[in-house]
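Engineer: One letter stands for each residue in the lines below.
There are 2 protein chains.
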Amino acid sequence: MNAIKIMVNGLPGNMARAIVQKALTDKQFDVIPYSLTGPEIEEKTVVIENKAFTLVPPDQKKHFIQDHKKWIESAIAIDYTHPTAVDHNCQWYCDNHIHFVLGTTGGNRVRIVQAVQKADICAVISPNMGKQIVGFQAMLAYAAKEFPGLFEGYSMEITESHQKGKADVSGTARSLIPCFQDLGADVHENDIFMERNPDIQHKQLGVPRLYLNGHAWHTYSLVSADQTVTFQFTHNVNGRSIYVSGTLDAAKFLHNKICQGHRNLIYTMIDVLKGN
Amino acid sequence: MNAIKIMVNGLPGNMARAIVQKALTDKQFDVIPYSLTGPEIEEKTVVIENKAFTLVPPDQKKHFIQDHKKWIESAIAIDYTHPTAVDHNCQWYCDNHIHFVLGTTGGNRVRIVQAVQKADICAVISPNMGKQIVGFQAMLAYAAKEFPGLFEGYSMEITESHQKGKADVSGTARSLIPCFQDLGADVHENDIFMERNPDIQHKQLGVPRLYLNGHAWHTYSLVSADQTVTFQFTHNVNGRSIYVSGTLDAAKFLHNKICQGHRNLIYTMIDVLKGN
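Protein chains in written order, with our numbering: chain A, 83 to 358; chain B, 83 to 358.
Take the hints with a grain of salt, since some may be wrong.
List time: in silico EDC-like cross-link candidates among lysine to aspartate or glutamate, alpha-carbon distance up to 16 Å [claimed, not checked]:
(1) B:Lys151 x B:Asp177
(2) A:Lys133 x A:Asp108
(3) B:Lys87 x B:Asp331
(4) A:Lys334 x A:Asp112
(5) A:Lys227 x B:Asp308
(6) B:Lys109 x B:Asp353
(7) A:Lys87 x A:Asp112
(8) A:Lys104 x A:Glu131
(9) A:Lys248 x A:Glu277
(10) A:Lys104 x B:Asp353
(11) A:Lys133 x A:Glu155
(12) B:Lys227 x A:Glu271
(13) B:Lys356 x A:Glu131
(14) A:Lys356 x B:Asp264
(15) A:Lys143 x A:Glu155
(16) B:Lys356 x A:Glu239
(17) B:Lys356 x A:Glu228
(18) B:Lys143 x B:Asp112
(19) A:Lys356 x B:Glu122
(20) B:Lys104 x A:Asp353
(21) A:Lys356 x B:Glu234
Between beta-carbon pairs, the in silico distance windows are [as the list claims (entries may be wrong)]:
(22) B:Arg256 x A:Met276: 48 to 58 Å
(23) B:Asp281 x A:Asn338: 49 to 59 Å
(24) A:Asn132 x B:Arg256: 33 to 43 Å
(25) B:Gln342 x A:Glu228: 19 to 29 Å
(26) B:Gln286 x A:Gly296: 25 to 35 Å
Simulated from the structure, these hints should not be mistaken for lab results.
No residue lacks a Cβ here, since even glycine has one placed at the ideal position from N, Cα and C.
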């Protein structure tokens, strides 16, 4: 099998860098030494594991594709750029027949989906590339649909811990609130307890020091009205490796779909999880 | 609505007693003051909340039903007798057109199902009457079916704590092993760690003293190969109230089915959970 050609966009950003680092060690991938970047980035190149990546700012995208169209067309773009760049980049992928995996949030999702459906490409689009987290969300969505009111009368506590810089409440925790409500638990979005204090994170929760600057810990606790029954679900993620593997799995999945001749289709991580 | 007539069999056993206690406080139920009991039981009556229950040993079942057939026929039997008595009791329910909820384990399940299908009755049969636990098992079974290999490469630890007298490994924990295996986790039945030491249970795990003699605590931990991701699922049950409510919910569900004219049907707790 030929290696899967990928173009990782969003360097020198941390997610893009982590994906490049991992893909360079994996023979299944052939990483193109170019990366779309933001207009504010001053560097021209980024070196990762002795390989130089040329950064392509927005005003050079047109010129870049003219020079490399044939090469890039057979690649899968992996997008970890910036929420504000998503609309333009996705349009660029569509215009230039570049299949893509979109890990960046933001952008006009409806328009992106429509653009892919008109272009002759396929894409994996997901707000969360952590396969196991997406699987957990799907499990709860299933239970909420099949067993409404299962946790009727249960009270609920949700706590999440993220790096100090994260201002908003965990999107993953928020995404599960409607499920828990359908399951009958007495819980609301503003009940989510956010921990942002690194000292408490390390000493009380046990977040390793190494990951104080990049972690996503979530605990959902359900307690029966008479306090005799406790259910607790926890998913603690340190660093980025879960998202890196999920993204590369998405690229492999997309590559298979393309080889099978599929076009104009959008996949989610649920499709990747199902693997079919 | 008329109260649902129930005959709780298995007194003076703890589960039967707990169900009677709860049902006596609930206007939706009318508890018949008789209970099938074992041949070894010497008491003739049991008094619960000032109400006397006459115990009916096996050799008096025939005589009892002759005297009370009309009354008992319109009741739902709730069976928490003894594994060795299940086959005979279920046959007795079938022979006498008594719908039943079977919470007792043991017996020849295939034969019981066949007997119900031939008799003009309905039954709820489930090895676990804890609705939320059954729901959790169903969630995992769903994930295992839909997302095989989701936790590929993850190592797993399962710990369970039960009262000192329980010799065998938790059936709930065992029932989930094939699911976790299908999900790709590296785990086997003999990896389940059993805690039976009350001192450790109280001091290390935090089981309240009151429940050292009756609890079922389970924790399933999955850790990614690179140790950066942890998923943990816990369900801790103290005492019997979760099973009591589940059983009474099963009786209500069965009552509705009977009123709707259903016959010759077996339901599980999954049906009760789905409520349709």
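Engineer: Each hint needs a verdict: does it hold in this structure or not?
Structural biologist: Hint check results:
no.	hint	in the structure
1	B:Lys151 x B:Asp177	holds, 11 Å
2	A:Lys133 x A:Asp108	holds, 14 Å
3	B:Lys87 x B:Asp331	holds, 14 Å
4	A:Lys334 x A:Asp112	holds, 12 Å
5	A:Lys227 x B:Asp308	violated, 34 Å
6	B:Lys109 x B:Asp353	violated, 24 Å
7	A:Lys87 x A:Asp112	holds, 5 Å
8	A:Lys104 x A:Glu131	holds, 10 Å
9	A:Lys248 x A:Glu277	holds, 10 Å
10	A:Lys104 x B:Asp353	violated, 46 Å
11	A:Lys133 x A:Glu155	violated, 22 Å
12	B:Lys227 x A:Glu271	violated, 31 Å
13	B:Lys356 x A:Glu131	violated, 54 Å
14	A:Lys356 x B:Asp264	holds, 13 Å
15	A:Lys143 x A:Glu155	holds, 14 Å
16	B:Lys356 x A:Glu239	violated, 25 Å
17	B:Lys356 x A:Glu228	holds, 6 Å
18	B:Lys143 x B:Asp112	violated, 21 Å
19	A:Lys356 x B:Glu122	violated, 54 Å
20	B:Lys104 x A:Asp353	violated, 46 Å
21	A:Lys356 x B:Glu234	holds, 13 Å
22	B:Arg256 x A:Met276: 48 to 58 Å	violated, 38 Å
23	B:Asp281 x A:Asn338: 49 to 59 Å	holds, 55 Å
24	A:Asn132 x B:Arg256: 33 to 43 Å	violated, 51 Å
25	B:Gln342 x A:Glu228: 19 to 29 Å	holds, 21 Å
26	B:Gln286 x A:Gly296: 25 to 35 Å	holds, 32 Å
Checked against the numbered hints listed earlier, the structure breaks hints 5, 6, 10, 11, 12, 13, 16, 18, 19, 20, 22 and 24; every other hint is satisfied.
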